[in-house]
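Asks: Keeping the supplied structure of chain A fixed, place chain B upon it in accordance with the hints.
Protein chains in written order, with this note's numbering: chain A, 1 to 198; chain B, 199 to 396.
Worth flagging that the hints you see were computed from the coordinates, not collected in a lab. Beta carbons: idealized from backbone N, C-alpha and C, even for Gly. Mixed in with the good hints, there may be bad ones.
[To be verified] Examples of chain B residues toward chain A, derived with CB under 7 Å: (1) H213; (2) G216; (3) F219; (4) N240; (5) S257; (6) L264; (7) Q285.
Number of protein chains: 2
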Amino acid sequence: MQDSGNCYKPRLLMHRLGIPFRLVDTDSRDGSTRTPEFLALNPTGKVPLLVLPDGRRLSESNAMLLHLAEGTRYLPADRYERALTYQWLFFEQYSHEPYIAVARSLLHLTPGGRETIAPARLAELHERGYRALAVMEQRLAESDWLAGGSYSVADIALYAYTHMAGEGDFDLAAYPRIRAWLARVAAEPGHVGIDWRP
Amino acid sequence: MQDSGNCYKPRLLMHRLGIPFRLVDTDSRDGSTRTPEFLALNPTGKVPLLVLPDGRRLSESNAMLLHLAEGTRYLPADRYERALTYQWLFFEQYSHEPYIAVARSLLHLTPGGRETIAPARLAELHERGYRALAVMEQRLAESDWLAGGSYSVADIALYAYTHMAGEGDFDLAAYPRIRAWLARVAAEPGHVGIDWRP
Numbered sequence: 001m002q003d004s005g006n007c008y009k010p011r012l013l014m015h016r017l018g019i020p021f022r023l024v025d026t027d028s029r030d031g032s033t034r035t036p037e038f039l040a041l042n043p044t045g046k047v048p049l050l051v052l053p054d055g056r057r058l059s060e061s062n063a064m065l066l067h068l069a070e071g072t073r074y075l076p077a078d079r080y081e082r083a084l085t086y087q088w089l090f091f092e093q094y095s096h097e098p099y100i101a102v103a104r105s106l107l108h109l110t111p112g113g114r115e116t117i118a119p120a121r122l123a124e125l126h127e128r129g130y131r132a133l134a135v136m137e138q139r140l141a142e143s144d145w146l147a148g149g150s151y152s153v154a155d156i157a158l159y160a161y162t163h164m165a166g167e168g169d170f171d172l173a174a175y176p177r178i179r180a181w182l183a184r185v186a187a188e189p190g191h192v193g194i195d196w197r198p
Numbered sequence: 199m200q201d202s203g204n205c206y207k208p209r210l211l212m213h214r215l216g217i218p219f220r221l222v223d224t225d226s227r228d229g230s231t232r233t234p235e236f237l238a239l240n241p242t243g244k245v246p247l248l249v250l251p252d253g254r255r256l257s258e259s260n261a262m263l264l265h266l267a268e269g270t271r272y273l274p275a276d277r278y279e280r281a282l283t284y285q286w287l288f289f290e291q292y293s294h295e296p297y298i299a300v301a302r303s304l305l306h307l308t309p310g311g312r313e314t315i316a317p318a319r320l321a322e323l324h325e326r327g328y329r330a331l332a333v334m335e336q337r338l339a340e341s342d343w344l345a346g347g348s349y350s351v352a353d354i355a356l357y358a359y360t361h362m363a364g365e366g367d368f369d370l371a372a373y374p375r376i377r378a379w380l381a382r383v384a385a386e387p388g389h390v391g392i393d394w395r396p
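So that you can see chain A by itself, here it is in the shape it has in the complex:
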């Protein structure tokens, strides 16, 4: 589901690592992640799903990032910076994605979603999403990168939905450090956008 930020994360990292892979399009919006065939591959019924060369499978986009980055410069060698990488990956899934990605999905990807979302529901998504953005803004006042001294999978994980936050009606005008960080991520050698396919 290539317009999903969660699917974009491992695609971007595999491109940067030079790992060849094949995309299989599967869209949760048309029910194809709830078929018996797909559930046999991934019981959670979610994308992305990574199938390794030996057929073993791995779900959860941020688990893929940690797995693929092991032993590379995308996972910090310093133990505390690695711990901060974990911290930002869990922050992304618990405090960022459920608000920023969900607002984008409802307003931008769901036909008729903008017209039918309850105002109180949207207000809550925005309040929690802006709270997550404020935490990132504060961190980026201390460091150019989220987890440590250089670009890591923490930046990939948070970039995915932050760079599309406007599609969920988030305004980044008051977050100059986030905007500068988004530009830094996009300027990294080997960066590809969400539309890129192998």
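Replies: The following block gives chain B in isolation, referenced to the frame of chain A:
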């Protein structure tokens, strides 16, 4: 906040690892995680927060588990089993905790919560929570432990709120493999319950 499953996770692991530590009681329900002093320590305003001996801080309970378990038998040495550990930790925070822990919090910990929760809201928490339990039940048909061949931080992370699921009105009668796994976890040498304090 010792009745929080998220706070229980690192407490249990540190006990098993023999790491001495000091508890500082901080309760998100009385506003003490939103004070300027606490937000200076953890900008997300959440517990648990781990303060290392050198004063550096780490948030996110599952990040603490990965950090503390590194190099120990609680994080699998096999690369694929380690990846599965990551997978279960993200599953716990995205697909399990937001339903099972939240139902428990509303029904068991919030004064008047049982009387005021909207039936549709509780039905959604139960539907999503049972979906997570079904994924665990299926996995535990293949293996005694979630991530690999032995007890790991994946088991600690999922045990925390699963063993208290009844406090959120979840009935585990139809999940015999989960019940057997809960008993296995509790029978591990060095296991301590949520009431344990150092």
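Asks: Could you run down the list of hints and mark each one as holding or not?
Replies: Now for the hints, and whether the structure bears them out:
no.: 1; hint: H213; result: violated, 20 Å
no.: 2; hint: G216; result: violated, 19 Å
no.: 3; hint: F219; result: violated, 16 Å
no.: 4; hint: N240; result: violated, 9 Å
no.: 5; hint: S257; result: holds, 6 Å
no.: 6; hint: L264; result: holds, 5 Å
no.: 7; hint: Q285; result: holds, 4 Å
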